[in-house]
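S.K.: Let's have the full structure, built from the sequences with the hints guiding it.
Spelled out, the chains give:
Number of protein chains: 2
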Amino acid sequence: MQAKPTLHTVLSPQLLHLYNLNDAVVVIIDVFRATSTIATALYNGAEKVIPVDSVEKCIQLGQQTGGITAGERDGKVIPGLAYGNSPAEYPRSFIEGKTLVLTTTNGTRLLHMALNSGAAEIVTGSFPNLSAVCDYLAGQKRNVILGCSAWKDRFNLEDTLFAGAVISRIADAFTIHCDSSLMASDLYRLHRSDMQSLIRKTTHWHRLASYGLEKDLEYCVTPDLANILPLYRNGDLIKG
Amino acid sequence: MQAKPTLHTVLSPQLLHLYNLNDAVVVIIDVFRATSTIATALYNGAEKVIPVDSVEKCIQLGQQTGGITAGERDGKVIPGLAYGNSPAEYPRSFIEGKTLVLTTTNGTRLLHMALNSGAAEIVTGSFPNLSAVCDYLAGQKRNVILGCSAWKDRFNLEDTLFAGAVISRIADAFTIHCDSSLMASDLYRLHRSDMQSLIRKTTHWHRLASYGLEKDLEYCVTPDLANILPLYRNGDLIKG
Numbered sequence: 008m009q010a011k012p013t014l015h016t017v018l019s020p021q022l023l024h025l026y027n028l029n030d031a032v033v034v035i036i037d038v039f040r041a042t043s044t045i046a047t048a049l050y051n052g053a054e055k056v057i058p059v060d061s062v063e064k065c066i067q068l069g070q071q072t073g074g075i076t077a078g079e080r081d082g083k084v085i086p087g088l089a090y091g092n093s094p095a096e097y098p099r100s101f102i103e104g105k106t107l108v109l110t111t112t113n114g115t116r117l118l119h120m121a122l123n124s125g126a127a128e129i130v131t132g133s134f135p136n137l138s139a140v141c142d143y144l145a146g147q148k149r150n151v152i153l154g155c156s157a158w159k160d161r162f163n164l165e166d167t168l169f170a171g172a173v174i175s176r177i178a179d180a181f182t183i184h185c186d187s188s189l190m191a192s193d194l195y196r197l198h199r200s201d202m203q204s205l206i207r208k209t210t211h212w213h214r215l216a217s218y219g220l221e222k223d224l225e226y227c228v229t230p231d232l233a234n235i236l237p238l239y240r241n242g243d244l245i246k247g
Numbered sequence: 008m009q010a011k012p013t014l015h016t017v018l019s020p021q022l023l024h025l026y027n028l029n030d031a032v033v034v035i036i037d038v039f040r041a042t043s044t045i046a047t048a049l050y051n052g053a054e055k056v057i058p059v060d061s062v063e064k065c066i067q068l069g070q071q072t073g074g075i076t077a078g079e080r081d082g083k084v085i086p087g088l089a090y091g092n093s094p095a096e097y098p099r100s101f102i103e104g105k106t107l108v109l110t111t112t113n114g115t116r117l118l119h120m121a122l123n124s125g126a127a128e129i130v131t132g133s134f135p136n137l138s139a140v141c142d143y144l145a146g147q148k149r150n151v152i153l154g155c156s157a158w159k160d161r162f163n164l165e166d167t168l169f170a171g172a173v174i175s176r177i178a179d180a181f182t183i184h185c186d187s188s189l190m191a192s193d194l195y196r197l198h199r200s201d202m203q204s205l206i207r208k209t210t211h212w213h214r215l216a217s218y219g220l221e222k223d224l225e226y227c228v229t230p231d232l233a234n235i236l237p238l239y240r241n242g243d244l245i246k247g
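Taken in sequence, the protein lines are chains D and F. Counting the first sequence from 1 gives a position; my numbering is that position plus 7. Counting the second sequence from 1 gives a position; my numbering is that position plus 7.
Since the hints were derived computationally from the structure, they do not count as laboratory data. Fair warning: there could be bad hints in the mix.
Note: identical chains are not told apart, hence a pair may lie in one copy or across any two.
[Unchecked claim] Cut-off 35 Å, straight-line C-alpha distance, at most; resulting in silico cross-link-like pairs (DSBU-like, lysine-lysine):
id: 1; residue 1: K246; residue 2: K11
id: 2; residue 1: K222; residue 2: K11
id: 3; residue 1: K11; residue 2: K83
id: 4; residue 1: K159; residue 2: K208
id: 5; residue 1: K222; residue 2: K55
id: 6; residue 1: K246; residue 2: K148
id: 7; residue 1: K11; residue 2: K159
id: 8; residue 1: K55; residue 2: K83
id: 9; residue 1: K148; residue 2: K159
id: 10; residue 1: K55; residue 2: K148
M.R.: Below you can see the structure in the form of structure tokens.
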């Protein structure tokens with residue numbers, strides 16, 4: 008019998024180098040809100056999402072591709088960009104067939120780190136595409152890294168909660184010797200029946216709710232509302 | 008009314024630089040087994056424990072101080088040293104009045120990092136001295152950093168569990184905007200009634216139990232069996 012592939016959860020980009028990403032599938036997790044918005048835009052027909060780590064690159068790629076530039080700081084659209092980070096801004100009637108150039112900090116940086124560490128495949132995950140991520144991982148027969156984007160490298164609850172949700176569904180297909188994964192599973196088990204209460208305790212909720220983003224955050228922890236797989240290919244995230 | 012001091016939990020030495028240690032009390036946590044052994048040796052009358060990060064320094068300081076040299080690799084006493092890392096090796100009949108020079112990797116490195124980051128006080132904590140640590144922290148009126156030593160920088164469950172135990176007792180005296188602390192509290196709440204089962208799931212248990220150290224590990228998660236406060240002073244840990 009062939010050994011099962013391994014699964015590890017990485018709680019912060021600062022810890023990524025401790026793990027072997029070679030030939031692994033890496034899931035980039037940035038629940039509030041980058042990877043929720045990416046899933047939503049692609050689900051609603053965006054041709055692709057280009058994740059970038061600076062406003063300058065966002066503007067430049069927007070001009071080159073004719074894409075929609077998007078990014079926020081402190082709950083407001085960044086000057087020079089056209090739209091924000093909210094999944095609610097990208098319904099089918101608006102985004103279908105278009106390119107979204109999205110500037111994010113935590114998630115994009117982790118994605119680039121994974122890219123430089125030999126990952127075989129990179130996908131993005133959040134609750135709106137939970138099932139698509141789980142189905143994909145279970146079918147790949149490769150080692151898996153669940154990469155939490157965290158907040159300025161500090162551990163966050165919402166990304167870990169998503170890692171726990173994934174593990175709760177696919178654990179049987181993997182060998183898991185990883186305390187972070189055990190903790191994530193426990194956290195999800197404890198809060199799965201009332202995630203809306205948990206997110207109100209997170210530091211990220213306190214940062215964003217003051218900008219009136221409660222509905223966004225509730226959406227971001229609701230499973231399968233945008234159930235597709237964003238797959239990284241040559242700088243773009245496309246529907247897998 | 009004066010603002011309450013803050014409390015943060017640091018899940019790995021790799022994340023320590025993200026936090027402000029200036030004027031803070033830092034608790035070094037290395038449940039399996041360094042900080043459990045340190046509490047035990049001091050409780051049983053050791054004059055001091057000198058934590059060192061290499062075998063060479065251990066031997067050198069052992070010669071200079073006439074102290075007992077101690078350290079393990081893979082469950083065996085390191086060649087050139089006299090004793091191991093087990094708290095069971097340091098009963099009063101043996102350790103009283105003596106100096107213990109203890110080489111550890113994860114915990115000692117974190118202690119030195121804290122020392123270089125402006126910490127006001129450094130103490131060590133584990134379940135055998137849980138109450139002493141909590142009483143001390145509650146009385147200090149300073150910001151607190153609960154520093155998990157982790158395992159080669161990877162998150163571990165047992166150190167986080169101890170952070171959660173501390174928080175469960177002293178949370179009311181602090182302002183806690185820290186997802187790591189909320190998670191640690193949840194983890195402790197979930198497992199407090201059966202910690203002996205949880206530790207059997209940890210990666211560290213699987214590493215150490217194969218060396219026949221189950222009794223050691225059970226001791227290390229039992230509260231208040233060596234209830235003193237190890238306080239760092241000029242290179243030594245002494246009874247506070």
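S.K.: For a quick check of understanding: which of the numbered hints are violated here, in increasing order?
M.R.: none
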